[in-house]
Amino acid sequence: MKRYIVPLGGFAVLLVFLGIGLRLKPQEIPSPLIGKHAPEFSLPQVEDAGRTFNSKDMAGKVWVLNVWASWCAPCRAEHPALLEFSRLAAAPVVGLNYNDVRGDSQKWLREFGNPYQVSAFDGDGKTGIEFGVYGVPETFVIDKQGQIRLKLTGPLTSELIREKLLPIIRELNHV
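Numbering (UniProt numbering), first residue to last: 1 to 175.
Simulated from the structure, these hints should not be mistaken for laboratory data.
Treat each hint with caution, since some may be false.
[What the hints assert, rightly or not] In silico PhoX-like cross-links for lysine-lysine, where the CA-CA straight-line distance does not exceed 20 Å:
hint	residue 1	residue 2
1	Lys36	Lys61
2	Lys56	Lys144
3	Lys144	Lys164
4	Lys144	Lys61
5	Lys36	Lys56
6	Lys56	Lys126
7	Lys164	Lys61
8	Lys144	Lys36
9	Lys36	Lys126
[Claimed, not checked] For each label pair, taking beta carbons as the anchor points, the in silico distance ranges come out as:
hint	residue 1	residue 2	range
10	Ile34	Arg162	15 to 23 Å
11	Ile5	Gln145	55 to 63 Å
12	Pro74	Arg3	44 to 52 Å
13	Ile34	Ala90	15 to 23 Å
14	Tyr134	Asn54	23 to 31 Å
15	Ser158	Ile5	44 to 52 Å
16	Ile34	Ile5	39 to 47 Å
17	Ala73	Glu130	20 to 28 Å
18	Ile129	Ala73	19 to 27 Å
Glycine included, every Cβ here is placed at the ideal spot set by N, Cα and C.
Please work from the sequences and hints to get the whole structure.
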């Protein structure tokens with residue numbers, strides 16, 4: 001009987017950690033960048049390599065940065081919700097096309113629709129790394145002072161947009 005106590009105790013501890021893990025919300029992984037200035041960047045646009053997007057152009061605006069890629073299956077799943085969100089015009093939506101091939105990205109936007117005011121091409125992924133991106137899609141809300149106020153990991157849904165994005169955007173636009 002005594003020889004079963006240690007394995008049973010270990011199993012009980014494992015069950016406790018599993019129970020805790022199942023209650024966590026993976027979309028709300030804390031970011032060390034929350035409350036800090038978003039990394040500044042200037043990148044060529046997906047649609048036109050001759051034109052650039054500079055994050056400084058968004059100064060004084062509340063905006064949303066959505067990190068996506070044409071090879072990303074969850075990005076495809078979130079796309080209808082993102083299109084719907086961009087039509088609400090609650091805040092400008094900027095894409096950060098992460099670790100992708102420009103031609104594939106252009107084709108993807110033509111095929112599925114373009115929800116972005118502009119999409120910056122981060123072909124080598126360096127800008128994404130500065131934002132702490134470790135998987136796509138990820139979405140950031142950036143305030144008028146350029147600070148990251150919210151980070152959501154994983155695909156956006158109508159529910160996340162309604163319950164998380166829209167309230168914080170409304171609050172930040174009235175500050």
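Cross-check of the supplied hints:
1. Using a Cα cut-off of 20 Å, the hinted pair lysine 36 and lysine 61 holds, with the two alpha carbons roughly 16 Å apart.
2. Of the pairs offered as hints, the one joining lysine 56 and lysine 144 holds, with about 11 Å between alpha carbons and a cut-off of 20 Å not exceeded.
3. A threshold of 20 Å between alpha carbons decides the hint, and for lysine 144 with lysine 164 the separation of about 18 Å falls inside it, so the pair holds.
4. In summary, the hint linking lysine 144 to lysine 61 is supported, as the alpha carbons are separated by about 4 Å, within the 20 Å threshold.
5. Between the alpha carbons of lysine 36 and lysine 56 the distance comes to roughly 15 Å, so the proposed pair stays at or under 20 Å and holds.
6. Distance restraint check for lysine 56 and lysine 126: the Cα-Cα separation of roughly 18 Å lies within the 20 Å cut-off, and the hinted pair is therefore satisfied.
7. Between the alpha carbons of lysine 164 and lysine 61 the distance comes to roughly 18 Å, so the proposed pair stays at or under 20 Å and holds.
8. Distance hint between lysine 144 and lysine 36 is fulfilled; the C-alpha atoms sit about 12 Å from each other, no more than 20 Å.
9. For the given pair, lysine 36 sits about 19 Å from lysine 126 by alpha-carbon distance, which is consistent with the 20 Å threshold.
10. Separation of isoleucine 34 from arginine 162 is about 21 Å and conforms to the stated range, judged on CB atoms against 15 to 23 Å.
11. A hinted range of 55 to 63 Å for the beta carbons of isoleucine 5 and glutamine 145 is consistent with their spacing of about 57 Å.
12. Separation of proline 74 from arginine 3 is about 46 Å and conforms to the stated range, judged on CB atoms against 44 to 52 Å.
13. For the pair isoleucine 34 and alanine 90, the supplied restraint of 15 to 23 Å holds, since their beta-carbon distance comes to about 20 Å.
14. Between tyrosine 134 and asparagine 54, the C-beta spacing of about 25 Å keeps the proposed range 23 to 31 Å intact.
15. Checked against the given bound of 44 to 52 Å, the beta carbons of serine 158 and isoleucine 5, roughly 50 Å apart, stay inside it.
16. As the Cβ distance of isoleucine 34 to isoleucine 5 is approximately 44 Å, the hint placing it in 39 to 47 Å holds.
17. Evaluation of the 20 to 28 Å hint for alanine 73 and glutamate 130 yields a pass: the beta carbon distance comes to about 25 Å.
18. In this structure, isoleucine 129 and alanine 73 meet the distance hint of 19 to 27 Å, their C-beta atoms being roughly 21 Å apart.
Of the numbered hints listed earlier, not one is contradicted by the structure.
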